[in-house]
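Residue numbers (this note's numbering), protein chains in the order written: chain P, 1 to 295; chain C, 1001 to 1261.
Be aware that one or more of the hints could be misleading.
[What the hints assert, rightly or not] Cut-off 35 Å, straight-line C-alpha distance, at most; resulting in silico cross-link-like pairs (DSBU-like, lysine-lysine): (1) Lys1129/C to Lys101/P; (2) Lys204/P to Lys1156/C; (3) Lys1096/C to Lys98/P.
Think of the hints as simulated: they come from the structure by calculation, not from any bench.
Residue strings, one per chain:
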Amino acid sequence: MKMVTIERERLRTALLLTTPNLLFITAFCVLPLAVLFSYSFFQVDFVSILREPTLDNYSRIAESATYRGLVAKALLYGLGIASLCALIAYPIAFYIAKRVKVYKAALLTLLLIPLYTGDLIRIFAWRVVLGAEGVLNSLLLWLGIISEPIWVLLFSPFATTVVLTYNYLPFMIFPLWAAIEAMDDSYIEAAMDLGCRHVAVFFKVVLPLSGAGLVAGFLMVFALVVGDYLTPQLMGGSSGVTVTSAIHDMFGAAFDWPTGSALAWILLASMILFVVCVLYAFYRSPWGRGVRRSK
Amino acid sequence: MRTRNWTALRGYTFIVYGFVYLPIMLMGLFSLNSSDIIAFPLTGFTLEWYDQVLHDQRIFKGLLTTMAVAFPVTIITTTLGSMAAIALTRYQFRFKTLFMALLVLPFFVPKLIFAIAQVTFLNDIGISKGLPTVWISQSLIILPFVTVVIASVLFKMDRSLEEAAEDLGASSWQSFRLVTLPLMKNGIMAGSFISFVLSNAEYTVSFFTSGRVQPLSVLVASDFRFHLSPSLNALAMLIVVFNILVIVVSEWFRRRTIHEL
Chain P
1 MKMVTIERER
11 LRTALLLTTP
21 NLLFITAFCV
31 LPLAVLFSYS
41 FFQVDFVSIL
51 REPTLDNYSR
61 IAESATYRGL
71 VAKALLYGLG
81 IASLCALIAY
91 PIAFYIAKRV
101 KVYKAALLTL
111 LLIPLYTGDL
121 IRIFAWRVVL
131 GAEGVLNSLL
141 LWLGIISEPI
151 WVLLFSPFAT
161 TVVLTYNYLP
171 FMIFPLWAAI
181 EAMDDSYIEA
191 AMDLGCRHVA
201 VFFKVVLPLS
211 GAGLVAGFLM
221 VFALVVGDYL
231 TPQLMGGSSG
241 VTVTSAIHDM
251 FGAAFDWPTG
261 SALAWILLAS
271 MILFVVCVLY
281 AFYRSPWGRG
291 VRRSK
Chain C
1001 MRTRNWTALR
1011 GYTFIVYGFV
1021 YLPIMLMGLF
1031 SLNSSDIIAF
1041 PLTGFTLEWY
1051 DQVLHDQRIF
1061 KGLLTTMAVA
1071 FPVTIITTTL
1081 GSMAAIALTR
1091 YQFRFKTLFM
1101 ALLVLPFFVP
1111 KLIFAIAQVT
1121 FLNDIGISKG
1131 LPTVWISQSL
1141 IILPFVTVVI
1151 ASVLFKMDRS
1161 LEEAAEDLGA
1171 SSWQSFRLVT
1181 LPLMKNGIMA
1191 GSFISFVLSN
1201 AEYTVSFFTS
1211 GRVQPLSVLV
1221 ASDFRFHLSP
1231 SLNALAMLIV
1241 VFNILVIVVS
1251 EWFRRRTIHE
1261 L
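So that you can see chain P by itself, here it is in the shape it has in the complex (with noise of 0.2 Å):
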């Protein structure tokens, strides 16, 4: 066969493989997502939506104060549970690539089990466990440590953010060890051997050659702290309004398609400009470097 014609057969193959993944996401992703912006635009008319395009729900979602703090607070949790997590993972992702041989495939697996029972059980666990009549309060009374159940174990935002950071710490420890399994052992010798601390090896060595994978895992985890809707729902409490909760309402009881779409759009144009500006930080910033000679 010519050159040309192998060339031209593996174009037609790759658009053969991607034209049907192309269609099916953006017909039944991006399209839906579409006609969800398209609805920010509209009215609610009583019982009915009057599709006459106005700007109304935004800058009636500008001016309240309320939605505003809770775009805020749901941006900042997925900020604080994502490095709370990164500060968690840190060690277990060094460790599992660095020491571990034999039990390395177990103890990754064993990680993925919790990550894939479903939002719903991990959350009824923690509820069995944190409850005012629940197992942790249940155990200190009766060893007699406390006297009164300890209320502010479940319902509250302490209770948020032991689920958020149970739930998505998996999604940062496999990032982080990927890149830290792909690390030359050679550059830590180095730095031990030239006289480097632990502390100075870490912040010199292995972070800048692990920063892809923080950043990767720092995103998942962000994306998915941002859009949980079960987790501060089921285990805040009163605390527990966020504003996917406030749009699920919108979408449930209050019936204002119109407000909900646009709070929706609102929340997800901040994760948008909140995900590009991480990115291109880090791929201008010299931890970027890797990224950037690779291309």
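Here the structure of chain P is known, so what remains is to put chain C in place on it, guided by the hints.
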């Protein structure tokens, strides 16, 4: 590094793993406890809660719906995910970054926003909710996971095998069918198992797109929310044990290929 530091790191890792498994272990413990109050002290051993769950007609019906959702979703996502994984690991084309971005889009869009987008979309084109709407919406959010699992196997596969086949005169279809497909078989198996488990566990999107045909997760969601009971513990435990088996088998398939090559 000195041994003392590694010991500290190991201890820390085990503590975090303990934290990850603590709730599931306690759930398992109390699913076997005879008291109907989920609290210490333990009162005695019983299998009554499992017996209750296994004889519950409502749960059985929900389980059938879950299966009617999971099998088509597994077929859709495994087919599309294999194609995407091959395209990503074997071909260079323009707009590859855009293609990747589109693939992970359903993962990064909050599930609730994805779900209400489906609701407005279905409302506008006038399709009523039912099994097909759950198949499609679940497939979209599961597709990124399946693609990553299959691509992880393809990534480790030596490309020279396929190149050799093509140099020896195989058409690209022949080299795919006779070389790539047999080698990626384990990846496809692993991907389909993951898809099956994720479909079983999915709640948010199913809740908004299922209408009156409710899979098990939607059916028991209100129970999970409002009353905690030992029989729910038993049900959750059965689901967890089932998932563990499927994931262990799936990882075994995936890693077998990676080690063989």
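Hints, one by one, checked against the model:
1. Lys1129/C to Lys101/P: Violated, at roughly 49 Å.
2. Lys204/P to Lys1156/C: 30 Å, holds
3. Lys1096/C to Lys98/P: Status holds; Cα separation ~33 Å.
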